Amino acid sequence: MKASAFSYARATSVVNALELLVAHGDKAKVLSGGQSLMPAMNLRLISPELIVDIGEIAELRGIAVRGDVLCIGALTRHVDLLRSPEIAAYVPLLKEAVAHVAHPAIRNRGTLGGSLAHADPASELPACMVALNATIIVRGQAGERRIAAENFFTGIYETALSAQELLISVELPVAQKNSRHFFHEFARRHGDYALVGLAAQAIVEGDVFADLRMAFFAVGDRPVLAKAAKKLVNVALTPAVLSDASTALGEEIDPQEDHQASASMRRHLAKVLLRRCTSELLGRPDLSARGPV
Amino acid sequence: MTASMEISLDVNGERVEAHVLPRLNLADFLREHLKLTGTHVGCEHGVCGACTVRVNGEIVRSCLMLAVQTHGASVETIEGLSDSGEIADLQAAFRDRNALQCGFCTPAMLMAAQDLLKQHADPDREQIREHLSGNYCRCTGYQAIIDAVETTARLRMGHQP
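Residue numbers (the working numbering), protein chains in the order written: chain A, -3 to 289; chain B, 35 to 195.
Simulated from the structure, these hints should not be mistaken for lab results. Take these hints with a grain of salt, some might be off.
Just the calculated beta-carbon pair ranges, DEER-fashion [what the hints assert, rightly or not]:
#1 B:Arg129 with A:Asp282: 48 to 58 Å
#2 A:Ala95 with B:Met191: 17 to 27 Å
#3 A:Glu15 with B:Cys136: 45 to 55 Å
#4 A:Val61 with B:Gly192: 38 to 48 Å
#5 B:Arg172 with A:Asn230: 44 to 54 Å
#6 B:Gly175 with A:Pro88: 45 to 55 Å
#7 A:Asp254 with B:Ser38: 38 to 48 Å
#8 B:Glu160 with A:Met261: 20 to 30 Å
#9 B:Gly175 with A:Leu39: 26 to 36 Å
#10 B:Ser38 with A:Ser43: 10 to 20 Å
#11 A:Lys(-2) with B:Asp130: 47 to 57 Å
#12 B:Thr174 with A:Asp282: 49 to 59 Å
#13 B:Gly47 with A:Asn12: 32 to 42 Å
#14 B:Arg172 with A:Arg141: 44 to 54 Å
Computed far set for chain A versus chain B, every beta-carbon distance over 12 Å [to be verified]:
#15 Val18
#16 Ala60
#17 Thr131
#18 Glu140
Only some residues are given here: those of chain B computed to face chain A with a beta carbon under 10 Å [unchecked claim]:
#19 Ala37
#20 Asp62
#21 Val102
#22 Gly137
#23 Ala142
Just so it is clear, the structure is predicted and the values come from calculations on it, not from any experiment. All C-beta atoms, glycine included, are put in the ideal place defined by N, C-alpha and C.
Model the full structure from these sequences, guided by the hints.
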């Protein structure tokens, strides 16, 4: 189908974009890379009256390291993340995850800010932000708000961003030298949305997790920072400890059922990922041995 | 502002000036305004990849881009790549390997394959599959297409296919 008629404004600056958003409220929609917005408009799932195209706002682009924080502008595209030496060095989880996002032609247009503001619960980057303990920076006419990624995603396609605010950038803590990461998703085909996925960031001291943030995606209405991961921190990992965490994960998540997978299949796959992640990050193949999950 | 807007862009090296409605996507602009019908329209929501074109040298989905967003840009379609001879060898390999299948995806397959070969002179079959994975349409198989791309890569490297 074709998008219904709308007006179009090319914002010249963040200030200009905010003026337009304040004037038009939720009748306006921000166009970034358009790789989620345009399909939704073509399918007539949404019909905004005004499109505010922020694609030309140069101040929203770019990747910069400031001390132990990596700052990524909202308009930074997936392909930029994939090719950036800073991303590869400081937040390798993100590089690994982006390779799973759709296909080259989509990654050439899709942006980080667009993906986060769209907040599809099955998409990779929101979960990475939660795993990486990112701060999401949004700006309105009253000023800036800094929102922890954990609190930013509030439901299916819902975020803490108001219709009068613009997502400006994200800040990520730079990976420490004993940091490790894990990313895996199950999908029908490479590039499809995940049936279940896991983005995890850990600090490993010796053979113990000093910290472990596991963000599951496509298992609920938003990325889920698994509380069950706490059971794996600061303990000597045994199959019994892992089983305990796995059971806790199964109780904690409430996956949806759809044409791709049942809720119980998603719960099972999430447990498989928990096991694989733990085994891989600690270099303990014995823990991935097939057992009750 | 729902009125038409003026855009000026390069299409296959030629300057194009036009008035378009904001809702018009690039694929429809190319096909209906410029009669460049080699760019195909399949799903219209970014899944099938049949509408792939190059904008400023990078492949994109033309159904997921508005014509007004291409103001000032350089757009290349399959007609441009074909007429310039840039992909003559790739087209020949598709013919030789009978890699057309139903033919609907072919222009965009050529676009995506050329994009890969520009970035990786010597891709393995897995890399070819991954790069073309955004162009799976309604047929199945695609093996002959992988063969054709692999053959072209080898010939460009100066090897026997």
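Each hint, compared with the structure:
Under the hint 48 to 58 Å, the C-beta atoms of Arg129 (chain B) and Asp282 (chain A), about 54 Å apart, fit the expected range. Between Ala95 (chain A) and Met191 (chain B) the CB atoms are about 25 Å apart, so this pair conforms to the stated range of 17 to 27 Å. Between Glu15 (chain A) and Cys136 (chain B) the C-beta distance comes to about 49 Å, which sits within the given range of 45 to 55 Å. Between Val61 (chain A) and Gly192 (chain B) the beta carbons are some 42 Å apart, a value that agrees with the proposed interval 38 to 48 Å.
Take Arg172 (chain B) and Asn230 (chain A): their Cβ atoms lie about 53 Å apart, and the range 44 to 54 Å holds. Restraint check, Gly175 (chain B) to Pro88 (chain A): a C-beta distance of roughly 36 Å breaks the suggested window 45 to 55 Å. For Asp254 (chain A) and Ser38 (chain B), the hinted distance range of 38 to 48 Å is satisfied, since their beta carbons lie about 40 Å from each other. Distance hint for Glu160 (chain B) and Met261 (chain A): a CB-CB separation of about 27 Å, consistent with the stated range 20 to 30 Å.
For Gly175 (chain B) and Leu39 (chain A), the Cβ-Cβ distance of about 28 Å falls inside the hinted range of 26 to 36 Å, so the restraint holds. Ser38 (chain B) and Ser43 (chain A) have their C-beta atoms about 19 Å apart, which keeps the hinted 10 to 20 Å range intact. The given range of 47 to 57 Å is broken by Lys(-2) (chain A) and Asp130 (chain B), whose C-beta atoms sit roughly 38 Å from each other. Between Thr174 (chain B) and Asp282 (chain A) the beta carbon distance is about 40 Å. The supplied range of 49 to 59 Å is therefore violated.
About 33 Å separates the C-beta atoms of Gly47 (chain B) and Asn12 (chain A), a value consistent with the hinted range of 32 to 42 Å. One distance hint, 44 to 54 Å for the beta-carbon pair Arg172 (chain B) and Arg141 (chain A), holds here, with the actual separation near 46 Å. Every CB of chain B lies more than 12 Å from the CB of Val18 (chain A), the least distance being 17 Å, so the non-interface label holds. In this structure Ala60 (chain A) is separated from chain B by more than 12 Å, as the shortest Cβ-Cβ distance comes to about 23 Å.
At roughly 29 Å, the least C-beta separation between Thr131 (chain A) and chain B is larger than 12 Å, which holds for a residue marked as non-interface. Non-interface status of Glu140 (chain A) relative to chain B is upheld: no Cβ of that chain comes within 12 Å, the nearest being about 28 Å off. Evaluation of the Ala37 (chain B) hint against chain A yields a held restraint, the C-beta minimum of about 9 Å falling below 10 Å. The criterion of a C-beta within 10 Å of any C-beta in chain A is met by Asp62 (chain B), whose closest approach is roughly 7 Å, and the hint holds.
A least Cβ separation of about 6 Å between Val102 (chain B) and chain A falls short of the 10 Å threshold, and the interface hint therefore holds. With a cut of 10 Å, the hint placing Gly137 (chain B) at the interface with chain A is violated, because the nearest CB-to-CB distance is about 20 Å. Using the Cβ-Cβ criterion of 10 Å, the hint placing Ala142 (chain B) at the interface with chain A is satisfied: the shortest such distance is roughly 9 Å.
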